[in-house]
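Protein chains in written order, with our numbering: chain C, 1 to 117; chain P, 1001 to 1112.
Source of the hints: derived by calculation from the structure; they are not laboratory data. Honestly, I wouldn't trust all of these hints.
Straight-line distance between alpha carbons at most 20 Å, and here's what the computed DMTMM-like set of lysine to aspartate or glutamate pairs gives [stated by the list, open to error]: (1) P:Lys1112 with P:Glu1086; (2) P:Lys1058 with P:Glu1075; (3) P:Lys1024 with C:Glu46; (4) P:Lys1050 with C:Glu1; (5) C:Lys65 with P:Glu1086; (6) P:Lys1108 with C:Glu89; (7) P:Lys1050 with P:Glu1062; (8) C:Lys65 with C:Glu89; (9) P:Lys1050 with C:Glu46; (10) P:Lys1035 with P:Asp1001; (11) P:Lys1050 with P:Glu1073; (12) P:Lys1079 with P:Asp1065; (13) C:Lys43 with P:Glu1110; (14) P:Lys1050 with P:Asp1001; (15) P:Lys1050 with P:Asp1065; (16) P:Lys1050 with P:Glu1084; (17) P:Lys1112 with P:Asp1087; (18) C:Lys19 with C:Glu1.
Chain P residues, not near chain C, derived (Cβ > 12 Å throughout) [what the hints assert, rightly or not]: (19) Gln1027; (20) Leu1029; (21) Lys1050; (22) Ser1072; (23) Thr1102.
Beta carbons are placed, not taken as given, at the ideal position from N, Cα and C, and that holds for glycine.
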Amino acid sequence: EVQLVETGGGLVQPGRSLKLSCVASGFTFNNYWMSWTRQAPGKGLEWVASITNSGGSTYYPDSVKGRFTISRDNAQNTLYLQMNGLRSEDTATYYCTRGYYGSFAYWGQGTLVTVSS
Amino acid sequence: DVVMTQTPVSLSLAIGQPASISCKSSQSLLGTSGKTFLNWILQRPGQSPKRLIYQVSKLYSEVPDRFSGSGSETEFTLKISRVEAEDLGVYYCWQGTHFPYTFGAGTKLELK
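Pulled out of the complex, with its shape left as it was, chain C reads as follows (with noise of 0.2 Å):
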C-alpha cells in the first residue's frame, strides 16, 4: 500500500524558515517524480514544486521559486521542502504527491503551515 506521510508543519513567523519531511513507502521511491501542492484555508489547490526522481531538476511555480527548494533522499524514502521567508498568503496544508504520467496519483495527509506573528 502506498502511504505519503507529511510531517514538519506548525505555527512560524513571517520571514522565518520551515522545513517539511514526507515519508514514502509501498513503492520505489528512486522511480517516480515527487511534488508539492498546498491548499490555503477553504481554498483551491496551488502546485508549489516538483522534483524528477533522481532529484536532477526541480521546478517552481513564481510564487515560491527563490524561497522554496524541494529535494529529496532516495537512499531514505523523503521527499522534503525548504521554505525560507515565509509570508502570511504561504498558510496552508501542504500535501506531497507522487507522480504518475502527468498526473499526481497518490496525495499525502497533509500537513497545515500556518503563518503569522
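Starting from the known structure of chain C, arrange chain P on it as the hints suggest.
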C-alpha cells in the same frame, strides 16, 4: 500560465441523476509527447484530494466506471452517469502539461 476554468461552480443533484462538469484551458494541453495531461481529482469534505482520471479519460483502477472523462486540446468534461452519495465533494481539473501546473477553482457537488 495556463488558466483552468471550471463550470459550474456548484451542482446540487439527487442520487441517481447524471452530472457533468466542464473544464476549459487557456491554451492547448496537448504536449510535445503527443499526450494530453489533463487530470481530475475529488476532494471529499475534510479529506485530502483523491485521484480520479488522468490523461483526459483514463480512470484509475479503483474509480467506478460511472465516471468518465472526455475532451481534447482546450475543452474537457467529467461526467458521472448516476451520482451516488460517496461522490459529494469538490472536483478539480488540473493540467500537468505546462509548467507551472495549474488547477481549476473547483466544482462543488452537493446532494439534494
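These are the hints, each one checked on the structure:
1. The hinted pair formed by Lys1112 (chain P) and Glu1086 (chain P) meets the criterion: a straight-line CA distance of about 13 Å does not exceed 20 Å.
2. With a CA separation close to 16 Å, the supplied pair Lys1058 (chain P) and Glu1075 (chain P) stays within the 20 Å bound.
3. The hinted pair formed by Lys1024 (chain P) and Glu46 (chain C) meets the criterion: a straight-line CA distance of about 17 Å does not exceed 20 Å.
4. Proximity of Lys1050 (chain P) to Glu1 (chain C) is assessed by CA-CA distance (about 15 Å); at most 20 Å being required, the pair is judged to hold.
5. The straight-line distance between the Cα atoms of Lys65 (chain C) and Glu1086 (chain P) is roughly 38 Å, outside the 20 Å bound, and the hint therefore fails.
6. Taking the CA atoms of Lys1108 (chain P) and Glu89 (chain C), the gap is near 24 Å; set against the 20 Å cutoff, the hint is violated.
7. For the given pair, Lys1050 (chain P) sits about 11 Å from Glu1062 (chain P) by alpha-carbon distance, which is consistent with the 20 Å threshold.
8. For the hint pairing Lys65 (chain C) with Glu89 (chain C), the CA-to-CA distance comes to about 14 Å; that is within 20 Å, so the pair holds.
9. For the hint linking Lys1050 (chain P) to Glu46 (chain C), the alpha-carbon distance of about 15 Å falls within 20 Å, and the restraint holds.
10. Taken as a hint, the Lys1035 (chain P) and Asp1001 (chain P) pair is honoured in the structure, with Cα atoms around 19 Å apart against an allowance of 20 Å.
11. In summary, the hint linking Lys1050 (chain P) to Glu1073 (chain P) is not supported, as the alpha carbons are separated by about 24 Å, beyond the 20 Å threshold.
12. About 10 Å separates the Cα atoms of Lys1079 (chain P) and Asp1065 (chain P), which keeps this hinted pair within 20 Å; it holds.
13. A hinted pair counts as satisfied when its Cα atoms are at most 20 Å apart, and Lys43 (chain C) with Glu1110 (chain P) qualifies at roughly 17 Å.
14. Simply put, Lys1050 (chain P) and Asp1001 (chain P) have alpha-carbon atoms about 24 Å apart, too far for the 20 Å limit, and the pair is violated.
15. The suggested pairing of Lys1050 (chain P) with Asp1065 (chain P) holds, with an alpha-carbon distance near 16 Å, which does not exceed 20 Å.
16. Distance check on the hinted pair: Lys1050 (chain P) and Glu1084 (chain P) sit about 16 Å apart at the alpha-carbon level, within 20 Å; holds.
17. With a CA separation close to 12 Å, the supplied pair Lys1112 (chain P) and Asp1087 (chain P) stays within the 20 Å bound.
18. A threshold of 20 Å between alpha carbons decides the hint, and for Lys19 (chain C) with Glu1 (chain C) the separation of about 26 Å lies outside it, so the pair is violated.
19. The claim that Gln1027 (chain P) is not at the interface with chain C holds, since no C-beta of that chain comes within 12 Å of its own (minimum 15 Å).
20. Chain C draws Leu1029 (chain P) into its interface by the beta-carbon criterion, the shortest separation being 9 Å against a cut-off of 12 Å.
21. With a minimum CB-CB distance of about 7 Å to chain C, Lys1050 (chain P) fails to clear the 12 Å threshold, and the non-interface call is violated.
22. Chain C leaves Ser1072 (chain P) outside its interface by the beta-carbon criterion, the shortest separation being 15 Å against a cut-off of 12 Å.
23. Distance check for Thr1102 (chain P) against chain C: the nearest CB is about 7 Å away, which does not clear 12 Å, and the non-interface claim fails.
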